[in-house]
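The listed protein sequences derive, respectively, from chains A and B. Per the numbering used here, the very first residue in the first sequence carries number -8; after that it's consecutive. Per the numbering used here, the very first residue in the second sequence carries number 1243; after that it's consecutive.
Careful: at least some of the hints might be erroneous.
Derived pair list, reagent style SDA-like, types lysine to any residue, alpha-carbon separation capped at 25 Å [said to hold, decoys possible]:
| no. | chain 1 | residue 1 | chain 2 | residue 2 |
| --- | --- | --- | --- | --- |
| 1 | A | 174 | B | 1328 |
| 2 | B | 1522 | B | 1396 |
| 3 | A | 62 | B | 1266 |
| 4 | B | 1325 | A | 182 |
It is worth saying that the hints were derived from the structure and are not from the lab.
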Amino acid sequence: MGGESDVPFDSEADESSELSILGYPKTRRKFIKQVAGTSAAIAIGPNLLSAASLDQAEASSAAGPGTASVKVNLKINGKDYALDVDPRVTLLDALRERLHLTGSKKGCDHGQCGACTVLVNGRRINSCLSLAVTHEGDEITTIEGLANGEELHPLQSAFIEHDGFQCGYCTPGQICSAVACVKEGHANSDDEIREWMSGNICRCGAYPNILAAIKEVKTKAGV
Amino acid sequence: MNPFTYSRTNDAQQAVAEISAKPHGKFLGGGTNLIDLMKMGVETPTQLIDINKLPLAEVEDLSGGKGVRVGALARNADVAEHKLIKQRYPVLSQALLSGASPQLRNMATVGGNLLQRTRCYYFYDPAFPACNKRKPGSGCGAIEGFNRIHAILGQSDDCIATHPSDMCVALAALDAIVRVRGPNGEREIPMTDFHRLPGDTPDRDTNLKPDELIIAVDLPAMPFATRSHYLKVRDRASYAFALVSVAAAIDLGSNKKINAARLALGGVAHKPWRANAAEKKLIGQEANEKTFRAAAEAELAPAKGYKYNSFKIELAKRAIIRALSTVAEMN
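For reference, chain A alone in the conformation it holds in the complex (with noise of 0.2 Å):
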């Protein structure tokens, strides 16, 4: 895929009929953006409820009065992806409003997370503080091109065994940085885990399922 190739948005259909169980008929996405200002929001929280941030980051990925929008070329997930965007993007708002790759997650938007996590060249970022224009020419993986094929990655795979995850909102961030964490060579033992995956906060507390999956995926490498 190259030139000018913002994807469709394709996952409205499946995220449709999960949210039409609770009676809204709509995307979560869209779900979210409605609620906004209202008390619902306030039950959310602040720090899940990024409908503000993607209005605001829709609004700046226009190219506006004094920003001159920049060419920049990323291959993302093995496809070659030519945008053009203003330079206040980052990494993670060009993944998921320009290109709705929407695995990525937008958490804290400030680094203290990890919901943002992606691999760039092979080693693992916050998305979400890296300037898409800086990324010219790099290779960006995210969990969505972590599986091959229907073949999920082992480390999928050993979350899903191992429930490391309840809501699921840091899963993305936790498993990005985890195949970078067991790549690495910073998985050998339970500390060395904890430290090294310190970035990637869980709000629901999943860290003893998180740990296990990612002894089981270190331990069967043999790495």
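Assemble chain B onto chain A, guided by the hints.
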């Protein structure tokens, strides 16, 4: 985030020329602090000059046994894991690994770490009107406010912020030299002169000029730095800023006498705090707890606490004793 123009360069001289022409411009390295501050509206540069492609990411052994040069764009993670650093300056590797998270260390550069800004709540959030560092003349919200993480040494009536870096504390202990390039060429700034005390101009963190680019940090040869250690005391076991930290190295003679010592403190001052008074107390003395306590007392004698941070005075003393005991017991 305020609008800005963006440019990239792969040439250091070009980068300096660009920043000289743009007084409200900033260099962009790893961005882990700058982008965050721009989101908060604390930093509002009108131009970002992306220097990530400059060829300044190497860690090299200087010829003639002169030490090690660390390029300004070397990532914190790479410096921490580098063989030369782990072998010769373990305190620096430990300090780097105690900071931030693996993701942030993969992004953060050495030059950017030197220019980290304080995590004082009143500085970081423009909703607070008073902060002399953010807005000169507006006052200090922390002195009468919530000041648990604030300074106990070298502070002024205008600012009691602390410098947040771990790396810089190790560099201060190691007598590092910061190499910078400006429009008129290169100059060297000793690490201990790089950051400033707040005085009445806390808006200036460092002595770097606005049109200068950090190109490298030189670590002079210090054979006894193989006996060095970084101790960080914080609220969580990991991924938190230091309440107090200590970088320590000692040259121990065969008779257990201390021939030389390097000691620096983090989390206590507006700059990485080189503990000169403590070092003087250590020289020529036997390495034992009594000596270490005397050194700690001497260093903290001028310390002044505030409503929520007075605990740091005793904490700093104990951290010094423990760090020195650790290095004394190393083989």
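To see whether the hints hold, each was checked on the structure:
1. 174/A - 1328/B: holds (20 Å)
2. 1522/B - 1396/B: Roughly 19 Å separates the two Cα atoms, so the pair holds.
3. 62/A - 1266/B: Roughly 23 Å separates the two Cα atoms, so the pair holds.
4. 1325/B - 182/A: Given pair residue 1325/B, residue 182/A holds - Cα atoms ~23 Å apart, limit 25 Å.
Consistency with the previously given hints is maintained throughout, with no hint failing.
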